[in-house]
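Please construct the entire structure, taking both the sequences and the accompanying hints into account.
These protein sequence lines map, in sequence, to chains H and Z.
Adding 17 to a residue's 1-based position in the first sequence gives its number in my numbering.
No gaps in the numbering here: position 85 of the second sequence is 70 in my numbering, and each next residue is one more.
These are calculated hints, taken from the structure and not from any lab test.
Derived pair list, reagent style DSBU-like, types lysine-lysine, alpha-carbon separation capped at 30 Å: (1) Lys55/Z <-> Lys74/H; (2) Lys74/H <-> Lys87/H; (3) Lys41/Z <-> Lys81/Z; (4) Lys81/Z <-> Lys70/H; (5) Lys81/Z <-> Lys74/H.
Part of the chain H face toward chain Z, derived, beta carbon under 7 Å: (6) Glu121; (7) Gly125; (8) Gly127.
With beta-carbon atoms standing in for the labels, derived distance ranges: (9) Thr34/H <-> His42/Z: 47 to 57 Å; (10) Pro25/H <-> Ser36/Z: 35 to 45 Å; (11) Thr62/Z <-> Thr32/H: 47 to 57 Å; (12) Gly25/Z <-> Thr94/H: 16 to 26 Å; (13) Thr32/H <-> Ser24/Z: 23 to 33 Å; (14) Ser(-3)/Z <-> Val29/H: 28 to 38 Å; (15) Ala63/Z <-> Gly33/H: 47 to 57 Å.
Even glycine gets a Cβ: it sits at the ideal position worked out from N, Cα and C.
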Amino acid sequence: DAGITQSPRHKVTETGTPVTLRCHQTENHRYMYWYRQDPGHGLRLIHYSYGVKDTDKGEVSDGYSVSRSKTEDFLLTLESATSSQTSVYFCAISESLTGPSSYEQYFGPGTRLTVT
Amino acid sequence: SQQGEEDPQALSIQEGENATMNCSYKTSINNLQWYRQNSGRGLVHLILIRSNEREKHSGRLRVTLDTSKKSSSLLITASRAADTASYFCATALGGKLIFGQGTELSVKP
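In structure tokens:
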């Protein structure tokens, strides 16, 4: 497995509370991504980063913010968690957008978040 | 909006049989990738095929790409119980991957 860890692996929280998920990589890859996975929707991109302090929105970014102050860490924050944000969250990394392995992504083990 | 759509959504076969999964997409792409996800785990990259390639092999996997029809197929030959997993296609464009909803493959011993 690529050197990607996610923390926490499981979390139960109440509606309205802030939640931060962490993704840490040891591969020094430039690109980092946050996805959510829900039944019937596959994986959907929330936010991504193309460098330190460089981030952009994905398909389902409402209610989420991200930060990347170091190459190895990408944080996903739910400012005020809602039940619709109950999901499994995956972090992924990618080395390059060009060349023979362009866009190939390596995934972390996931974080199961339940908002009650 | 969903870029890739897999077909079938679920597939059940016996060990030793071949499994074929299809993926259709809507826009032009840089490349198309297939990933596998075992239950409760993250996705694992299987194979990447570039837009100027038509076929690619990796072990028991064969991927084809038809850009005129905007479709791809993944063939797993001589399937094993360990191949039981969900399989996703993903299209690459503009710095991002867009995933389909996946095909759930069950291989019975």
